[in-house]
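Order-wise, the sequence lines are chains A and B. Residue 320 is where the first sequence ends in this note's numbering, and the numbering goes up by one at each step. Residue 337 is where the second sequence ends in this note's numbering, and the numbering goes up by one at each step.
Since the hints were derived computationally from the structure, they do not count as laboratory data. A portion of the hints provided could be inaccurate.
[As the list claims (entries may be wrong)] According to the in silico footprint, chain A covers these stretches of chain B (three or more CB under 8 angstroms from chain A):
1) 30 to 43
2) 162 to 169
3) 175 to 182
4) 276 to 287
5) 310 to 318
[Stated by the list, open to error] Sample of chain A residues at the chain B side, in silico, Cβ under 7 angstroms:
6) Leu68
7) Leu69
8) Ala70
9) Leu73
10) Pro75
Glycine included, C-beta positions come from ideal geometry on N, C-alpha and C.
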Amino acid sequence: MSISTRASAMPEAVAVVPARLRRARTLPALALRSPKSLVGIGVLFIVITLALLAPVLAPYPATEMHVLDRFRTPSRAYVLGTDFYGRDLLSRILYGYRTSLLVAGLSVAFAVVVGGSLGIVAGYVGGVWDAAIMRAMDVVFAFPVLLLAITIVVILGPGTLTTLLAIGLVYVPIFARIARGPTLVVKEQAYVEAAKALGQRPLRIILRHVAPNVSTPIFVQVTISLATALLFESALSFLGLGTQPPYPSLGLMVNEGRNYLELSPWPTVFPGAAIILAVLGFNLVGDALQELLDPRLRPTWTSS
Amino acid sequence: MQRYLIQRLLSLVPVLFVVSALVFSLVHLIPGDPAQVLLGFENTDPEQLARVRRDLGLDRPVYVQYGRWLAKVVRGDLGKSARTGRPVLGLVREALPFTLELATYALVLALAIAIPVGTLAGTTRSRLADAAMQLLTLLGLSLPAFWVGTMLILAFSVHLRWFPVLSFPSFAQAPLASLWGFFLPALTLATPNAAAIARMVRASLVAVRHEEYVKVARAKGLREAVVVRRHMLKNALIPVVTLIGIVAGYLLGGSIVVEQVFAIPGVGRMGLLAIVQRDYPVLQAVVLLVTFVFVLVNLAVDLVYVYLDPRIRYA
């Protein structure tokens, strides 16, 4: 399991938008300037396209068994080989990507909406609400994340939807913390004062003035969280707590494959490599964005 | 210092309350009669069922039930396994050493890899070397532990036969054999954490690079190695200590996966088996114990941090 609360090790108020960013106008536009993130975006483009086009690209249905073709090595008929049941590995990986990316994407979206709102409200309203919300978030941080996710899955019963909820809930505090810091800074700004003086309602001020200004650090965290959520989803399905067989999921494929390692390593090797590729794509983009926003992280001896 | 200590200890109260409340409510949240959940779904002896119901006090208000349960837990009575009927405390006691050795070993390995790599990346004048190490650590963060473990088994246990499979002697009885047997699992668990720590060490070294005291040390004519070790690392490693608290969570959580891959009979595997067998008293104990250890480690980290950074002590 990798580091998903990397954000929590960062100082809370990383609000102020650097000058470079203002010139580039938007973060995605800025991301296109870094070679690292370009590679990452390229990788992600391929992975997401493969997932979206799975029904078109997959040579066989993901659960179709070819009993006579078990444990085939990569060949013309089966590009990546077959597994114990003679199922085509390429088709299963393509559909596995769909499940994994969907779960990762929706769980992070859930965490952004819930956690982001909680963090902005905590920061904007302050006082008792702030203390109550943030202490509640601290309590969630008191659990090892994987253990908490597993506990949630046990209560709700294993499955794809539960995995999504479990990962989403576990990530809520991360986004609450990240949204709160910049909110504290933004709410003291003159334009917020002005909006208040004009008699705008708090909800409008939050949506129109605060939320856009805290979106930058959240966007960076989203890319990193997508990487860890993918790892999370695959770990849960590896443990048998995520997507249930016979539906393809990359983690589950590794788990099924490892019982027959000596017969054929491919059913284990390829799904793992597929996970790494997608995770690395998100990590490359996230890392590049972090560097762009925090010049201290940039390659050594260049800025000095 | 005293005030900070008291504050920090008081902050544990709500955390421990929520953790215990969640573990307590686990049996109530799972669909079905809590007494049946605790006894195991195969056991339908009405007499035993009635006894468990009485023990739980299901006819009393929930807070009374919670109080009773907590009083038992504090006395070390975690109930009996729904499968084997053995006291859960004994089971946990048998499994815990495996998990603790695995996690500690992984932490040591992670630091042993991360500090040199991070130092090199943070102090090298070669942009290429720095970029290469950045990419390498990014790859490390992208590896699923269950896959790395499986690949290590395939390469070193199945093909090369260098490492034994399923051999985990205790460190106290056979230290060398134990370090050998636990090496692959510990390395698996260490990998992503080593990558994260190395990045932190690098970032933190880059941040102190232009500090006045580093310039002074250089101006004094100290050798570069001494400047790095005595002046830069000493300060740069302080924030890394806080990361160890977070890393502890990943080690404890990750050990569930790694124990499963290597079939280590530790707490994580016990918990997972309990889920499959619906042995909820055991699962309760595992969640409670692992979280408790995690909370304690974080407390220790915070206290060490205060000791290392006098600014907090006197704030």
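Structure versus earlier hints, numbers of those that do not hold, lowest first: 6, 7, 8, 9 and 10
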